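Colleague: Chain by chain, the residues run as shown.
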Amino acid sequence: MNKLDLLQLAQKSLWRRKARTILTVTGVMIGTTAIVVMLSLGIGLNESQRRSMESWGSLNVIRVQPGTNYDNEGNPLGEAKRLNDETVEEIKAIDGVWAVTPAYDAGGEARFGRKRGGLQLIGVDPAAMENLEFTPLLGRLLEPGDRNVIVVGSEVINQFQDEADIKKMQRGMMISPGMREDKDPADIMDQRLTMELYSGTNREQKKVFAFQVVGVLEGEQKEHSYQAYAPIEDVKKMRRFLNQASGGSTSSMSREIAMKMGGGAVSVRRVGGSKSSSRIEADDYSYILVHTKDVSDTKIVSQALKDQGFNSWSMADQLEGIEKTSRTIQAILGGIGAITLLVAAIGITNTMIMAIYERTREIGIMKVIGATFRDIHSMFLAEAGLIGFFGGIIGLGLSYTVSYVINQISKDFMNRGMPPGTEEAIGISLIPGWLALFAVLFAIMIGILAGLYPANRAVRLSPINAIRND
Amino acid sequence: MKVTALTKKYRIGQEIVTALDRVDLTVKQGEFLCILGTSGSGKSTLLHLMAGLERPTKGDISINGKTLSGMKEKDMALFRRKHMGFVFQSYNLIPTMTALENVSLPLIFDGSDTRERVGKARELLIQLGLKDRFRHKPQEMSGGQQQRVSIARALVNNPRILFADEPTGNLDSKTTKEIMEILREKVSQSGLTLVMVTHDNELAEYADRCIYMVDGMITQIVEKGARHEEA
Ligand SMILES: Nc1ncnc2c1ncn2[C@@H]1O[C@H](COP(=O)(O)OP(=O)(O)OP(=O)(O)O)[C@@H](O)[C@H]1O
Ligand SMILES: [Mg+2]
Chain A
1 MNKLDLLQLA QKSLWRRKAR TILTVTGVMI GTTAIVVMLS LGIGLNESQR
51 RSMESWGSLN VIRVQPGTNY DNEGNPLGEA KRLNDETVEE IKAIDGVWAV
101 TPAYDAGGEA RFGRKRGGLQ LIGVDPAAME NLEFTPLLGR LLEPGDRNVI
151 VVGSEVINQF QDEADIKKMQ RGMMISPGMR EDKDPADIMD QRLTMELYSG
201 TNREQKKVFA FQVVGVLEGE QKEHSYQAYA PIEDVKKMRR FLNQASGGST
251 SSMSREIAMK MGGGAVSVRR VGGSKSSSRI EADDYSYILV HTKDVSDTKI
301 VSQALKDQGF NSWSMADQLE GIEKTSRTIQ AILGGIGAIT LLVAAIGITN
351 TMIMAIYERT REIGIMKVIG ATFRDIHSMF LAEAGLIGFF GGIIGLGLSY
401 TVSYVINQIS KDFMNRGMPP GTEEAIGISL IPGWLALFAV LFAIMIGILA
451 GLYPANRAVR LSPINAIRND
Chain B
1 MKVTALTKKY RIGQEIVTAL DRVDLTVKQG EFLCILGTSG SGKSTLLHLM
51 AGLERPTKGD ISINGKTLSG MKEKDMALFR RKHMGFVFQS YNLIPTMTAL
101 ENVSLPLIFD GSDTRERVGK ARELLIQLGL KDRFRHKPQE MSGGQQQRVS
151 IARALVNNPR ILFADEPTGN LDSKTTKEIM EILREKVSQS GLTLVMVTHD
201 NELAEYADRC IYMVDGMITQ IVEKGARHEE A
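So the protein sequences, as listed, match chains A and B.
Letter by letter, the first sequence follows residues 1 to 470 in the working numbering.
Letter by letter, the second sequence follows residues 1 to 231 in the working numbering.
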C-alpha cells in the first residue's frame, strides 16, 4: 500500500465522522497551543535577558585580562600569565578560537575645537579591527597602515562639553545639565582630536598626541559606544611616554580606566593588589579579546582559557546561570502544556477505539480482500497521526495568535513609563522556527502514539467474525 | 487445491462444536465447485479455511503444492491479495466508498498506481453493466447492482480462485440468474476456479461438480461430466 493512498484513505475516514474528528482535533489543538505558548514565554524570557546582555557586549567575545585566575574561594589558580605576543599565539592555538585581538588601553582628557572631555582610548591592530564586528555609522573603521587616526563610539561626542560651559560650571554659575542632551555624532567626524599627557612623578613632562577622527561606530548604549579605537602603535607610544618616569607600571592609569568599564574592574583591581607577585611589563597588552564563531564556542574556549590559567571573562559565562533558571521555568511551563496534550492524546485513543467498533466489518472486509496486518495498522496510525497533524497545525496557528496578543499587551505595559523612541521592548513570547516545527512533529507523534493501542486492536480483529452474515 | 483431513472445532464455553470433520477434497483448476448443505453443516467454515481466513484445528490445505498452514499471516494476506477473490451474501462493500473505489480497493492494498487501478475497475464495472454507477455509493444501488460491484471487486486482481458464499442469498430469482450467468461465464472464459457455497439446490445446475455436506462431513459428490472435461 503506498503512502499517498494510505493518507487519502485515512483522511476520508476521518472526514466521514466530522463532528468527532473536529472535537478530537480541537483537543490536540488546545494541547499544542498550551505547550507552544508556555515554551514561547520561556524562550522569550531567555531571549530578552540575552539581548539585554548582548547590548553590553557580544556573546562571541572573551576578554582575557592580565593577572591570575581565581577559584570560588579566592585562591589564585596557577601563575599569572603575561599578555604578550607569545600568549597571543598560545590562545590562537585553542580549539574554537576564531580570531584574537590584543589591545592596549589608555585614556585621559582630550580636546577638539572648543570642546573638552574624557576619552577612553583602545589600541588595536588596525588590520584586526574587523574582528570586533563593528559597523561604521559614519566614515570608516581603522584600516591596515593607519596611524594617528581614531574611530569613536557614537556616545563619545556626548562626553565632550564646551570649554566655556565647563568654566561656568566650575564657578558655580551654571548647574550641570541634569539630562544630558544627545549631540550629533557627525560633529566629531573629521575633527582633529588632541590629548595632552603628562609624565614623571610631578607631571613635569608634557606631550600632545593628535588623532584625526575617521569614523563613528554604530550602536548606542553598548560598551563600545563610549570608547575610541586607535592604531595599537599609537597607543603603545602613549603608554611608553607615560611609563618613562613612573617606572614601568601602568597600573594607575589602566585601573582608572578599567573602573569605568564595569566587567574589567574586578580583575584589574586584583592586578593592582598582586603587583609584587607579577610585574607587568610596559609592552604587555592591557587585555586580549578572543573571538569565537558562536556562544557555544565561547563557553568552551572560556573554560579552556581558565584551565590554562588565564584570567578571562565573558558575557557568555554570565549567561549560563540565567539560562539555567529559564530552563527550569521552561520545564515547568512546558510541563503544564504537556499535561494538556496528554489529555488530548487520551481523546485520540478514545476516538480511534470508537472507530474500531464502528468499522469492525469494514476492517474485516479489508483483511479478506488482502490487507495485511501492517496495512490495517498503518491505516489506523495514519488516522491518529493526521488528527495529531491537524491539531498541531491549527494549534500552531492559534499559538501565533495568542503569542501576538500577549506581546501586544505586554509591550503596551512595558513601554508605558519609557521615553518614546527608546529601544523597542521585544515580545515576552517568542516562537522560533524550531519550536513551530517541533510542535507539529510532536503533535503528530502524540497522535501516532495514541493510535498504537487502537491500531493493535484493529489488527487483532478476526475477519471471519466481522463479515459473518448474522 | 487439495484439502486433506480438514478438521475445525470451535469451543463455546465448555462445549466443543465440530464444524468440519476430517474433510478430504480436491478442487481442480478451472472448475466450478458448488458446496451444498443445510444450515450449520459447515459450508462456510470449509470455505473460510480454504481461503486461509481461519486456521484449521487439524489437517491441511495445499494450493498448487503450497501448504497454507505453514504460511505466515502476512504471506496469507498477500496470497489472497494476489490470487483470490471473494463474494459474499451480504455484498460486504465499504459503505462510504463509491463503486469505483470499492472495486479498486484490493489494488490499493497491492500498491498499484491510481491510473492502472482505476482503469481496471472501470473496465470490470462496464463489463458487468454498471457503466452509470461508478460514483454511486452502495446504499444508492440495488442488491443485484451491489453484488455485481462486489464481483467486480473480486475479479479486479485477476484471481485464480474465486470464493463465493451464498452470493445470491439476498437476491430475487431473476437477479440470481443474472449473477449466476456472470459467474458461470467468467469460469468458462478465463480458467478461473470458483468455489461457491449455497443451500439452493437449483443453483447446482450451473456448477461442474457439487459436494453435499451434513454435519461437517462430505456425504456426496456429484460430477457433471458433460460440462467439465479436463483441467
Ligand atoms: N466462530 C465460531 N464460533 C463457534 N462456532 C462456530 C463458529 N463458526 C461456525 N461455528 C459453528 O460451526 C458450525 C458450522 O457453521 P457454518 O457457518 O460453517 O455453517 P453453514 O453451513 O455455513 O451454515 P449457513 O448455511 O447457515 O451459513 C455451526 O454449528 C456453527 O455454529
Ligand atoms: Mg454459511
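No wet-lab data here; the hints were simulated from the structure.
Each hint should be verified, as a subset may be incorrect.
Pairwise CB distance ranges, derived in the manner of DEER restraints [unchecked claim]:
| hint | chain 1 | residue 1 | chain 2 | residue 2 | range |
| --- | --- | --- | --- | --- | --- |
| 1 | A | Y357 | B | T4 | 36 to 44 Å |
| 2 | A | R460 | B | T7 | 18 to 26 Å |
| 3 | B | T38 | A | Y357 | 51 to 59 Å |
| 4 | B | R11 | A | R460 | 17 to 25 Å |
Simulated coverage check for chain A against chain B, where a stretch passes if three residues somewhere in it have a Cβ under 8 Å from a Cβ of chain B [said to hold, decoys possible]:
| hint | stretch |
| --- | --- |
| 5 | 6-20 |
| 6 | 441-451 |
Because the structure is a prediction, the values reported are computed rather than measured.
A virtual CB, placed ideally from N, CA and C, is assigned to each residue, including glycine.
Colleague: Could you run down the list of hints and mark each one as holding or not?
Modeller: Structure-based check of all given hints:
1. A/Y357 / B/T4: 36 to 44 Å: holds, 39 Å
2. A/R460 / B/T7: 18 to 26 Å: Holds: the Cβ-Cβ distance is about 24 Å, inside 18 to 26 Å.
3. B/T38 / A/Y357: 51 to 59 Å: This hint is violated: roughly 33 Å between Cβ atoms.
4. B/R11 / A/R460: 17 to 25 Å: holds, 18 Å
5. 6-20: With 4 residues close enough to chain B, the hint holds.
6. 441-451: violated (count 0)
In summary, the structure is inconsistent with hints 3, 6 from the numbered list given earlier, while agreeing with the others.
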